[in-house]
Each structure stands twice: as structure tokens, then as C-alpha cells.
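Q: The lines below spell out each chain.
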Amino acid sequence: MEPIVLDTLDPLIEALRERGYAVVGPVVRDGVIRFAELGSAADLPTGWGDEQAPGAYRLRARGELVFGFAASPDAVKRFTHPPRTSLFRMRDGVPERAPVEAPKVAILGVRACDLAALAVQDRVLLGGRYPDEAYRKRRAALFLIAVTCAVPGGTCFCASMGAGPRAVSGFEVALTELSGPHRFLAESGGERGAALLAALPSQPAAAADLEAARAVAEAAAGRMGRRVDLDGVRERLVQQRESPIWNDIATRCLTCANCTMVCPTCFCVTVEDGTDLADGTAERTERWDSCFTLDFTELGGAPVRASGAARYRQWLSHKFSTWVDQFGAYGCVGCGRCITWCPAGIDITEELERLR
Amino acid sequence: MTHKTIRVGALTRVEGEGALLVRARDGRLTDLQLRIYEPPRFFEALLRGRAFTEPPDITARVCGICPVAYQMSACQALESACGVTVGGALRDLRLLLYYGEWIESHALHIYLLHAPDFLGYPSGVAMAADHRRLVERGLALKKAGNELVAAVGGRAIHPVNVKVGGFHRLPSRAELAPVAERLLQALGDALATVEWVSGFGFPDVEHDYRFLALRHPTEYAILSGDVAVSDGTTFPVADWPRHVVEEQVPHSTALHARLDGRTGYLTGPLARYALNAPLLSPLALRAAADAGLGRVCRNPFRSIVVRAVEIVHACEEALAVIDRYVPPARPAVPVAARPGVGHGASEAPRGTLYHRYRIDDGGKIAAADIVPPTAQNQARIEADLRALVAPRLDRPAAELAGLCERAIRNHDPCISCSAHFLDLRIDHG
Amino acid sequence: MKKLAVFKLASCDGCQLTLLDCEDELLSVAANVEIAYFLEASSARGEGPYDLSLVEGSITTPEDLERIRRIRRLSRHLVTIGACATAGGVQALRNLADVGEFASIVYARPGYIQTLDRSTPVSAHVSVDFELRGCPIDRRQLLEVIAALLAGRRPVVPTHSVCIECKARGNPCVLIAHGTPCLGPVTQAGCGALCPAFNRGCFGCFGPMQSPNAAALNARLRAAGMDDEELARVYRTFNVTSFGGSCDA
Amino acid sequence: MIPAPYRVRSRRPDRADTVTLVLEPVDGACPPFLPGQFTMLYAPGVGEIPVSISGRARAGGYVQTIRAVGAVSRALCHTPRGSLVGVRGPFGTHFDLARAAGLDVVVAAGGLGLAPLRPVIRELAAHRARYGRISLIVGARTPDALIYPRELARWGRRFDVRVTVDRPDRAWQGPTGLITGLVGRIGVEPGRTCAFVCGPEIMMRATAEELLRRGIPADRIVLSLERNMKCGIGRCGHCQLGPLFTCLDGPVLGYDKVAGLLEVEQL
Ligand SMILES: Cc1cc2nc3c(=O)[nH]c(=O)nc-3n(C[C@H](O)[C@H](O)[C@H](O)COP(=O)(O)OP(=O)(O)OC[C@H]3O[C@@H](n4cnc5c(N)ncnc54)[C@H](O)[C@@H]3O)c2cc1C
Ligand code: SF4
Ligand code: SF4
Ligand code: SF4
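Residue numbers (the numbering used here), protein chains in the order written: chain C, 1 to 356; chain Y, 1 to 429; chain G, 1 to 249; chain L, 1 to 267.
For reference, chain C alone in the conformation it holds in the complex (with noise of 0.2 Å):
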């Protein structure tokens, strides 16, 4: 389908409505832009935009667009691969599986990086032998509509890792934000996308309005705030594993683990088990976990990565590095959050630039 010109955004939430989504989008909610369900499109958060630095984030009035800012503090993933689920229940020693929770969700304001994250994510949870189910339903019931980013966050570096600035697959509808007039560009992704926007009120887009879009991506690839060298970066990293920076680097990281439980391509999860004490049912839950805790690889008592170094160079090494060994691919977008919302501040580009 050819691509096509909104003037609002309101009857394309109105259908989606239709369709039997839920739509969410970003709001400016507690001092940030986040995603939350929304009620038109009047609840977009039209003149705001953020300031982002590492370990700071402030939201600033920003002229009249619409999506003025860059990514938000939460990611997809908690869509597809929830903070908390429930596995089984177990009455008298038989496991039921428990229902998946998939509900159909539209996300309306997908950036690049969280569909390339979107991307890591699948090769991590549906390439390997042992497929996650859940995952796939989750990710299944799922509405993408990607949105360009025109104004980068100075923490991004998405175009150096190559998920960025435009999106250039895995969403259903993709918009971009034009202005003089004010008005989209809308491009379909899939049929169902397709189908969608054949079915909003809409002008053909000119080609005039094309290399508006084109504009706008290429400007904002010109603006990222940090970027990130990935010549032999992976070979680097193995060599540099006995590295002072290390224990440097632990001198400032909390082991908070903030940066793990933000970043959208963090996989990470443990189980716990409980018993409910009334009916004696047996119940198995996931949750996020990360390598910074030190439960995460403890073994006889203590773990394997006692050390803040040793657990801050695993997050790291992963990322850039051992990813690449186990799934073909980084495990990085660019999406900066671990440097915005780490609030010790460290800056992963800086530290991989240490590394050299």
C-alpha cells in the first residue's frame, strides 16, 4: 500500500478501538513520558519533550510536536515479557499450566530501537530450542505503529548500532511526524497495517511529504547524542576481561540494577516457588532478574560473581560481546535507557571507549 497522510491521530485510535485493542501510547505522567492507555489522542503528550543525560531526566515544554521526545523509561518488553508472571499451579502433585495473559494491546509510538529490541528479543526467546510460548501469544496479540524519532535523547546512539533512527520493519503502521502543516506520513508495515489505514480518512502522501520524512530521520540520526564504535568491539571485550577498568568502573555501579530492568533486550529472569498456606496449593512465578544481584549465580552458598566488577563486566560483555557468540546478534539497540535511568550515571559508550 502506498504510504498516506493523516492530518490527526484520532481516528486511528478510534479503529484500532474498533478492532478490539487497547490502545497505549506515551502521556506525560509523574514527571515523565510513559506509556499508559489512552483516551484519545488529546492525551498524547503534545509539546513535551524530555532532556536526557546520564542519570538525568527532565521533561521540558517543547514546541507542538507530538512526539517530541525520545524513549521513554519503559520499553516494550513489558508488554511481551512482563515483570511478573504465574507459570503453574500444582494441586495434589498435578501442574496446571497457568493461563497466558495476552491481551490485545495496541502501542501506538514504538520507537526503532524498541522494534530491534522487539527483534532480540524474538531470536532470545522464540529462535532456540525451546520456543516461549507465552512470549509468542503476548507478542502475537500485539498492534505495533512505529513512529520516527525526529528528536533524539542525548543518551541515544541507535544509529550506531544500526536499529535506528527510522523503523524499517516489525511494526504494522509507521508514522512520521511532519510539520508546516502539521500532519503524518503513514506507511504500512504488514496487511494488517494495510488494512488500517485503508480505512482512515486520508490524502495520498506527495512525494514531497516523503522527503519531509526522509528529512526528518536523516536529522535525527545527525543529532544522536552518543555513539558507539563497534570495530572488533566483541574480540575487545574478551581480551579486556582481566582490565583495572573494572574494579574502577565497581567504584561508582550501585549493583542496583537499574540498567538491566530497563534496557529492552534484557532477558533475565528467576522463579520462585511458594506454597499458599491455606489451600496448600503449589504456585511457580517468574520475574525479572538480573546479573547485577548476587543471588543470580550463587552456587554452594556463594556466588560467582561476588565482585561488582565481575558483575558489571558480565552486563557489559554480554551486551557487546557474548551476545553476539549465542544469538548472531548484539544484544544492544542504542536506546540509551540504562545510561539515562542509571543513577550512578555510568555511560556505557564512555566505558566500551575505556575499553579500547
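If you're looking for bench data, these hints aren't it; they were derived computationally from the structure. There may be inaccurate statements among the hints.
Quick list of simulated restraints, FRET-style, between CB atoms [claimed, not checked]: (1) L/Pro31 / C/Gly47: 58 to 64 Å; (2) C/Ser307 / G/Glu63: 40 to 46 Å; (3) Y/Arg338 / C/Glu242: 55 to 61 Å; (4) G/Gly225 / Y/Arg338: 19 to 25 Å; (5) C/Glu218 / G/Gly245: 35 to 41 Å; (6) C/Glu18 / G/Gly225: 31 to 37 Å; (7) G/Met1 / Y/His216: 35 to 41 Å.
All C-beta atoms, glycine included, are put in the ideal place defined by N, C-alpha and C.
Since the structure of chain C is already known, use the hints to place chains Y, G and L with the ligands on it.
A: What follows is chains Y, G and L with the ligands alone, placed relative to chain C:
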């Protein structure tokens, strides 16, 4: 010469740890001591040097049963020192939080601590074996109170959302909606509770109490008001130190509060009811009338009925507050430290709780004074016990001990609160 | 049926009240466990030994020192509940002061006071099988500990940072997004990241997490505007004995 | 993946803290396994841990030997006959006996490391003619801690079996000290020997180094690694060792693949 000693080693179904010792010789009562061996925790001393913003969080830890009362009295004392008043929707939210605590604390006392006395069980849990539906109703009521505290304050015990000047975060109307639904249910349960407890068999006892409670022109006072005494005196909270003086008496570890030169007054539900009943919510008033409480209730055993009526009031008023609630522009009024002294009092479930702070030039607490209700009531509880025991000294010791414990529970004493007391002596002799 | 006992030392009652605050579970717990000794809730005083004793409060008097030894002897599992029993509680602020001065200010006849100069955690005197943190403890964690110990398993009580719970709950980080000082990164989880959910910084009521790096956080908190005195105060509140040194780091 | 219910068909205490269970699937057949593979064993409501398969029971089902060290292993050890446990698996790589055909074989076990090696030894015994010299060296902390003592005696009649203990008791007449001390005594011909090693990590590294020194190539020294595992299927992330998922790429791995990784502290 015959000696008789009644000891209740450790009082049960009261908050905190206390004991009772009664001595008689030749059929005459010689000694009666409500002993508090709850270790002192020095709150007034450890508050010195803390920032003026800290007492609400720190004094909440005086008592896990009524932390909201501590937070409210502390906030108001500090705000008055700094010359700030908190009104409108923020004050409404404080009321809401406080109603939650009343519901939770009174339901706990009625169903789990006090009612077992009237029905002859060692505990509420044991009572559930025969009266499961009743106990479940009590737990549901208690839960409604806890949920209200948690919705406004973050958690049921030691809420985190309270600060000097207001709150850290305002609940939205949407967040309060489910709480309102539960409160509606609770209101029904509360009315049923009044009916249930008013049918208990009460010993025919009346005392000539001198009552003290806060009084507010338009509210059944909980959050604020002047101090009213049943003999007609009324004074502003700031005058508290001139009217209430705590004294140590030689024979007892208990501190006796002297009000205008006379010892032994009562604060708590009976006092509030006696002084403020006309300001109860409509349903609470009707319930009180149906329960036959009369205009003033002087039978301490029937305090359980007054508590139940107060739950009705709290539910009904909380619903009204939620109904009119519109989140204000800011979660708190800005408060700048100002050197000086501030007084604050509010009605904890067990009675008037008074705080006084002196703030120094650096915004630190220079002095703190806290007068909890149980410390005020201690002398009066002992008087109740003397009146109860003296004519019954011929009864078997076990029976008397049981009766005494019941009489103590009438006042829902909170020993955890009273034991932090400024001048408390711990005498284990 | 296994026997449960609840004891109280110097404390506010809040942690044992947490058990009564399990409104939905209380009666079924009581159907599966004999609540043998729990003065606050029952006048029945079931004899020991107990399978599980929950102890609230810190040791501040010579009597309580004796009592805790007796409780230990009577208990198969002894679990401390709350910051008082686990870390001395807010009353352990006296440990930093001159107790003589404290007593002379507060008491007319200080010689009469039978109190120890320090408020100490139960583990300073007897062996403890599990320490449940929090001021107050968390209701779900309490149920978990009871269920786990009675079933002979290790309680699922994570010792990692509050931040993990904070992110799982979906709070915005108040430190990063609002500039509000927050102890979450050095504090043990358990509360469900309650304070950040109420737009306030964590103030450490669950004590230090498994590998706290207070020096690193303090650098950040100083940058957010806290001076040394404030840092000292915030660490020295409810978990003085375990957290108190963090401000010197 | 959810556990399949298995019934404890028999329960035999081996040592004070070690129990061998025979587990039978409640419904359906029990999937085949290869020597060195493990299952995730679930004690209902208590937790789940990785445990090696030590053999196939005659009537079908897994033989598994568990030492009670913590809550879950203790619960499994105490599961009475007839009760249900949960089983997932088998998982992981195995000891490749085909590669040992025609070679001398050294089997080195430390402590409970004998459990996953038991199926290897039984296989060697069942097809004795396929292999050259077979030596079994076993180390244990004390004579008491040795598992499978009766089988050891039986195997001793067919192979060169040597046992050493760290702390002998009065009755002990065999060698004492580290298992590496036994490597010299078995006479290794480096060109035609392969080794299967399982035990505590330091024991495995010391043994592997000793074998390397004697000329056995690293890729013919095979170890079985232990790491924290929550899922067994490469999902939880806990068992990573550099690029490896110990549960998928291991636990059985050639020393050539892991020597460099094990050298790095806290990797
Ligand atoms: C591939 C593989 C195969 C295995 N095969 C076998 C096998 O065949 N047989 C077998 O018995 N085991 C085997 N294991 C090991 C087994 O999985 C572990 O012993 C088991 O996970 C222990 O779990 P647990 O819950 O019983 O003990 P945990 O509770 O995890 O405790 C383990 C150890 O830590 C100590 N500990 C626990 N908590 C603490 C604490 N808070 N502080 C200090 N110390 C603590 C315990 O005392 C104990 O020593 C295997 C492991 C792997 C990875
Ligand atoms: S490692 Fe950091 S920048 Fe890369 S994807 Fe994860 S959170 Fe984003
Ligand atoms: S790198 Fe930052 S976010 Fe990650 S654990 Fe360390 S301090 Fe926390
Ligand atoms: S708000 Fe506090 S607890 Fe939450 S992530 Fe930030 S630093 Fe951690």
C-alpha cells in the same frame, strides 16, 4: 490478717506490654498498680537535632496501631510553629486518612480484642470457630479501614505519604473510587456491628468521669479543634501545657495527668461521645439512638458500642469526603522552618494525642513533648479498677483477675504509645 | 499442628499487627497453624516449645535480654520481624548518643531507669534463623516467611535493591526524573518500592541491600543537594545499627 | 515448560546426607537420556534444582542421586516413596562415548561427581570390548562420603579403580590426598587416552591440568560444569559462563572450550 494478691502477669489483647498488681489486706484494697514494663524508647530525646520535617515519619514509630494519629498531631504542631495552615482538599485528605485509621483500629479492638470478652473466648480467632461470619465481617471492616489508609497513605502501618504541609503525592479520584465502593460495604457492616455489640450483656457499672476531648465547631472532632472538658472548660491546644500537668506519684510507675489541678480524667470514645455526639453523622446518630446509648455513656463496658458508632461515623464521613474530593493543585503547602514552638492535637482512636515541638534557628527540633491518650487515662483506669475490685474482694482471685483485664480492655489502652513517655519510670520491683 | 508464637520486646507493635492485618489470610492461617502464644491477640497462653517464634522489638533492658534467651530455647525457628528486632530500630539512635546525657535529660531520677545503654538487635544475643526486614515488615513477606519455614523451604525474600521492585512496579525513578534523593539503590527490596510510587525518595526502612555501595550513592546524593549532616540523618533513622555507617563512607 | 509428575518408586539412602531416588513418570514414557544429562527436579512448593541422571531404572524411569545441602535438595531427599515430584528434561550435553571408542578411558570423579559419571561407567562396562584400558579414579572427603560403595567394589573387579580420601578414618587403607595424586599411578598413554571428569570445579581444573601435563589433548578431556540454573533451557540467563549457557552448551564440555573461561576469576 489475710493477704490477697492478684497478679495479671502480662495483660493480653492490649497493645503493648503491661501488668497489673493488686494487693489487699484484711479485705481492704491496699495497692493497685497498672504496671507498664514496656521498655522506654526515648522518642522525645532522639527527636532532638532532627530536621523539622522528620517527626511525622519518626513519631509514627511510637505506635504501629495508630501511626496516623502521630503523623497528624506532629504535622499540625510543626505547621503551627511555622505559621502554616493546611486547609481545603488537603485537610480533607488528612481526614480521610484518619477515618481509615479509626475504622481499622476500632474494628481491630471490637472484633479481635474486646468482643471475645463478652462472648467468652480467649481470642477473636478462637471466636471464629463458632462465629466465623461475624469475625469475617470484622476482618472485612478492618480491611476497609486499612485499604483507605493505604490508598491515601501508601501502606496501612507507618504510612509514607504524609509530610509537613500535606502529602507527597495526591491520590486521583479514580484511585479512590474502589475504596469508596468498599466503604459502602463497610458502612453496612458497621451498622450491623452497632446492632450486634449493643446486644451484649454489660455489667451494671457507671463512673462519674471527667471527660476531655477535642471539639470542633462543625465536625465530630478528629483532626483538630479546641480542647473541651466536661466540666465546661474549653481551651485552645496551645494552652495545653497550662492545663495539663503530668505528675509522678510515689506508689506507682504510672504517670498521672492532672487537669487543672485535679487528677484522673478520661479521654477516648466515651469522652468524644459525651462532648460531641450531636455532630455525629446522621446514620451514626441514629445507630447510637437505636443502640440506646443515651446522651452520655458512663459505663466503660459499653465503650465498645461507642466505638462501633464511631466506625459508622467514619465510614459515612469518609464517603462524603471522597465524594467531594477534587485533587488540589499541589500535594502540599510549602512550609519553611521558623524558630518557635508549635502545639498540635488530634483524636487518636484511644483519645487526645498532643504534640509540642520547639524548632531552633537551623530548622532542627530543639525539644519535643508527646502526651499520648493512654498515659492520660492511666490514673482513671486505675480508679475504674479500684471501684470494681474493692466491693468484690471476696471473689476468687482468678475471677477478679479476669474482670480486671476486661475493665482494662474497656479503655483499649495502648501501652506501646504510653511507654515512650517523657517522665515514665520503669520500676520492675 | 505446628505451633506459632509471637513475642514483643521494645517496639511499636506494628510488625506483629501485620499478622492481624492479613485479613484475608488470618483465619486460614489459624486453621493450619496453632497460634499458641500471641498476647496482643489472645489470652490463651500456649506452652512452648514452638515451631516458629516471631519476635518483634529490640533488646533494651536486662529483662528482655533474659527473655530472648528463654524464647530462643523454646523455639525451633526464631524469626525476627522488623527493623527493631533486626537492627535495633529507631530507639537505637541512643547508641550514637551519650546515654547518661539522654537519661538525665529525660528522667528526673535517671538512676531508677533499668535500661541498657544500647538498643541491640536480637541477633546480637541469640542465633536467629531468619531476619525479616522492614519498618514495618511487609504483609506478603510475613506470610511467605511463615509458609516457607513451616514447609521447610527457604523464604523467597530477595535481598537485592529496591530499584528492582521499583522498575517492576513501573515507577518513574524519582532520583533521576525529579532529582529527589532516594536510598533505593542501597536499600533492600521488600516494600514494593512504595515511596517512589508516592513520589518520594526511599528512606531506607528495609535496611541495606546485599551489596550496598553507599559511597557511590552518596556522591550522587551530594550532587542532588544533600549535605553531610542530612546524609548522616537519613541513614541513621530506623536501621542505625546496620545502615548507620553508610554516611561515613 | 512445566514439570511432569513423576512418582518416587524407590528411595535408597546412600550416605548420611545422600539419597538415590528412582523416579517413574506418572503418565507416558520417560524420555531417553544420554550419560551426563540432567533434569530439573521439582519438590512441590519448595523449589527446583538441576540434578544429573545417574541411570535408567530397570522398569523405566530415572535413577538420581541427591545430596541434601539446601532446602530443595533436602526436600527431595526426604520425599517418601510413592509421593510425587516434578521432572523437566533431560537437558544439556552428554559425555560422548562414541568418541572414546578404541581409546583408553580415564574416568575421574570427585564426591558427588560420581553420580553423572555412573551411566558412563555402566556403558563402558556394558561394551567393555570397545575401549582400551579403563581407569576409574575417585576422590571423596572422607570414606563415609563415598557414594555407590558396592558398585565401586564391583567395578573394581573389571577396571582399574582407585579411591582416595582427604580425611581417612581408622579403617581406611587406601590412598589419601587429592585425586590428582592418583593420575600418576594409573599410567596414561597420552596419544590414546580420553578422560571424563566430574566433581567440584577446583578438583576438575586440577585434574584436567594434570592430564594435560601428561599429554592428553584438551579436547579429549571432558568436564561437567556446575552453575546456578533456574530454567535448564537457556532462558533464565543464570548459568552463563562467558559465551556459554552451561545448561544448553554444557554441562558437559571439552576442556579446550572452558579452560580459558575457568581461568578468569568470577566470570
Ligand atoms: C548440571 C548440574 C547437575 C547436578 N547434579 C547433581 C546431582 O546429581 N546430585 C546433587 O545432589 N546435586 C547436583 N547438582 C547440584 C544441585 O543442583 C545443588 O546442590 C542444588 O541446586 C542445591 O539447591 P538447594 O536448594 O538444595 O540448596 P541451596 O539452598 O541452593 O543451597 C546450596 C548450598 O548453599 C548453602 N546456602 C544456601 N543458602 C545460603 C545462605 N543464605 N548463606 C550461606 N549458605 C547458603 C547451603 O547450605 C548449601 O550448602 C547439580 C547441579 C548442576 C548444575
Ligand atoms: S544496553 Fe542500554 S542502550 Fe543498549 S539496548 Fe540496553 S538499555 Fe538500551
Ligand atoms: S550500571 Fe548503573 S544502573 Fe546498572 S547496576 Fe550499576 S549503578 Fe545500577
Ligand atoms: S526511584 Fe529510587 S528506588 Fe526507584 S529506581 Fe530510582 S533510585 Fe531506585
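Q: Confirm or reject each hint.
A: Each hint tested on the structure:
no.	hint	verdict
1	L/Pro31 / C/Gly47: 58 to 64 Å	60 Å, holds
2	C/Ser307 / G/Glu63: 40 to 46 Å	44 Å, holds
3	Y/Arg338 / C/Glu242: 55 to 61 Å	59 Å, holds
4	G/Gly225 / Y/Arg338: 19 to 25 Å	21 Å, holds
5	C/Glu218 / G/Gly245: 35 to 41 Å	54 Å, violated
6	C/Glu18 / G/Gly225: 31 to 37 Å	50 Å, violated
7	G/Met1 / Y/His216: 35 to 41 Å	50 Å, violated
Hint violations for this structure: numbers 5, 6, 7, all remaining hints satisfied.
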